[in-house]
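Trainee: Protein chains in written order, with this note's numbering: chain A, 1 to 257; chain B, 1 to 87.
The set of hints was computed from the structure by calculation and includes no laboratory data. Every residue gets a Cβ at the ideal spot worked out from N, C-alpha and C, and that includes glycine. Please note that the accuracy of each hint is not assured.
Stated by the list, open to error - Here are some of the chain B residues that sit facing chain A, going by a computed Cβ distance under 10 Å:
1. A17
2. S22
3. I24
4. K26
5. I29
6. T32
7. V38
8. N43
9. I45
10. T52
11. K60
12. K61
Claimed, not checked - When the alpha-carbon atoms are kept at most 20 Å apart in a straight line, the in silico EDC-like pairs for lysine to aspartate or glutamate are as follows:
13. K26/B to D169/A
14. K202/A to E23/B
15. K64/B to E252/A
16. K46/B to E207/A
17. K127/A to D169/A
18. K26/B to D187/A
Single-letter residue listing:
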Amino acid sequence: MDIALGGLIFLVILLPGISFRKGYFSGEFSNQYSINDFFQLFINTLFPSIITYLAFLPIIFLFGYTYDFEVLLRILSSNDDGVKDSIAKIQAFIYPIILFQIIANLFALGAGNYLKDVVLSDSYDAKNKFLRYNNVWHYLLTAKFTLFERSQISFNEHSIDDVDITFVDALVNTGENPYIYTGILVDYELASDGGLDLIYLKKAQRELLTQKWNNAGIQNINGHIIILKYENIINLNLSFIQVNELKEGDVEIHLLQ
Amino acid sequence: MKKITRNIGVRQFNGSAVPVGSEIGKILINSTDSGIVVEAIRNTIKNGKSETVILSPSTKKALKYAKGYTVKRTTPISLVEVSKKSS
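Here chain A stands alone, though its shape is the one from the complex:
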C-alpha cells in the first residue's frame, strides 16, 4: 500500500468529523479546532464521521448506492492488484463520491454548529464540565463562570441572562505608573493559544493608581473605543450590570445581585 494514498483515504474518511469540529468549535472557540497530532485528529473526528456516514446510509441506499468496505480495505492493503482494482472502482463512481462527500461535509458542519448553539443557548457548557469549551475568558467575560459547579460565586436574585452591560476596571502597567482604566466592555479578542489578547472599552476613563483614592486626576478618554492589550493588564475587575426598563421608557441601572 502506498502510505500517502492510505493517509489520503483516511483523511477523506475523517473529513465529516473535521467538518463537524469546524462547526462545533467556531467563533471564540476556534482555538480548539486545530489539531496538529494525527492520532488526536483520528480520535476526535472518527466518532462524528461514523455518525455522519451512518446517518447518510439510508439516504444513499434510496439512490441505489451503498458503502463498499471491500474497496476500502483493498485500497489500504499491500496487494497492488487489489489497490489498482479499487482505484478503478472509485474512478467509476468519482462524481457521486465527490457529491456525497460535499453533502456529508456540509451536513456535518451544520450539525456541529447546531449542536454548539444548543449547548450554548442554555449554558449546558457552563453547567456540565464535560461540555465545557477550553476558553476560560468566554466564561469570565460573559459571567457564565457563576454557573460552574465548583464556583462559589452565584447570583441570588438574578441570572446570567440578566447581564446587559459588563463594566471593567483594568489595572494597566504602562511603565513606572500603573493606571486604572474603567469603561464598558464592548468586545474582546483571543490569542491563537486561547488566552486573552485585547479588550475593547467604550466611554473609558483612566486615572493613576496613586491618585485613585482621592478621585483626583480622572481623565476622560475621548474617541470611540480604547483597546487594551492584555499583556499590559495586571488585573481586571468585572461588574455585571442589569438595565431595567421603567414605565415611562426610562431605565434603571443596578448591579446584579
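Given the coordinates of chain A, work out where chain B should sit on it, guided by the hints.
Mentor: Relative to chain A, chain B alone:
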C-alpha cells in the same frame, strides 16, 4: 413595582459569537445618552445603589424600535418619495 418589561430580546448565548452584553445594553451604550448611562453605572458600582437614567426621546425610540413597536414616522413616506423624485 416599577419594572414593567423584560429586557429586549434577553441576552443570547448562541449564534456565531457570544456578546458580552444584551441588545438593550448595546442600544444604550451606542446612544446619545451613553454618557449619562456610563455615569450612572459608575455611581451604581461605587454606591451599590440602583440609579434611574432619564433617556432622551431618540433613545426611547431606539428601544421601542428594537422591541418591534411601530413608531410614528416624523416624515411621511410619501414626502420622502416625492423629495427623492424631485431631486
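Trainee: Evaluate each hint against the coordinates.
Mentor: Hint-by-hint comparison with the structure:
no. : hint             : result
1   : A17              : holds, 5 Å
2   : S22              : holds, 4 Å
3   : I24              : holds, 5 Å
4   : K26              : holds, 8 Å
5   : I29              : holds, 5 Å
6   : T32              : violated, 12 Å
7   : V38              : holds, 4 Å
8   : N43              : holds, 9 Å
9   : I45              : holds, 5 Å
10  : T52              : holds, 5 Å
11  : K60              : holds, 4 Å
12  : K61              : holds, 9 Å
13  : K26/B to D169/A  : holds, 19 Å
14  : K202/A to E23/B  : holds, 16 Å
15  : K64/B to E252/A  : holds, 16 Å
16  : K46/B to E207/A  : holds, 16 Å
17  : K127/A to D169/A : violated, 27 Å
18  : K26/B to D187/A  : holds, 11 Å
In summary, the structure is inconsistent with hints 6 and 17 from the numbered list given earlier, while agreeing with the others.
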